[in-house]
Amino acid sequence: MELSSLLPALSPRRALPLSFPTAYYDIKVGGGAKAVKGSRVAVHYVAKWKGITFMTSRQGLGVTGGTPYGFDVGNSERGNVLKGLDLGVEGMKVGGQRLVIVPPELAYGKKGVQEIPPNATIEVNSHLSSWSRIFYNSLPQN
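Numbering-wise (the UniProt record's numbering), the sequence shown opens with residue 1 and increments by one.
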């Protein structure tokens, strides 16, 4: 069953910051530490457009395998994570699972990428697997 088919049964937890209509749905609330701006997180994710998976951290290693993707929360301007995923992970607790609806402005925009057309809204199902207190602002800049 597609998670997006559950949306009518779930109510969005909140609209994400900014003026974009992004929302998230907590599928499972985690019991661990909360991801905050500046923290390093590791996330398993499945990204879909129109119900078709186009990117996943679990690729090739079965349902429980794969390598989680790590990034610094609140640091998407460096280009290593979609702004919509960055905003969607903030506030999650370790062990939690969240479906984030990402509008084009926070995904691939007017250009699109590979099979994702311009102005596409995507869904990202994310599972926060770990969190670290290493804050990117405290790291030396080169």
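Hints in this document: simulated from the structure, not taken from any laboratory.
Treat the numbers as computed from the prediction; the structure is a model and nothing was measured.
Hints are supplied without guarantee of correctness; some may be wrong.
Said to hold, decoys possible - Calculated cross-link-like contacts (lysine-lysine; reagent style DSBU-like; alpha-carbon spacing at most 35 Å): (1) K50 <-> K93; (2) K83 <-> K110; (3) K111 <-> K83; (4) K37 <-> K93; (5) K34 <-> K83; (6) K111 <-> K93; (7) K48 <-> K93; (8) K110 <-> K93; (9) K50 <-> K111; (10) K111 <-> K28; (11) K110 <-> K37; (12) K37 <-> K111; (13) K111 <-> K48; (14) K28 <-> K50; (15) K28 <-> K48; (16) K37 <-> K48; (17) K48 <-> K83; (18) K93 <-> K28; (19) K93 <-> K34; (20) K34 <-> K48; (21) K83 <-> K28; (22) K48 <-> K110; (23) K50 <-> K37; (24) K83 <-> K93; (25) K83 <-> K50; (26) K34 <-> K50; (27) K50 <-> K110.
Violating hint indices (sorted, rising): Result: no hint breaks.
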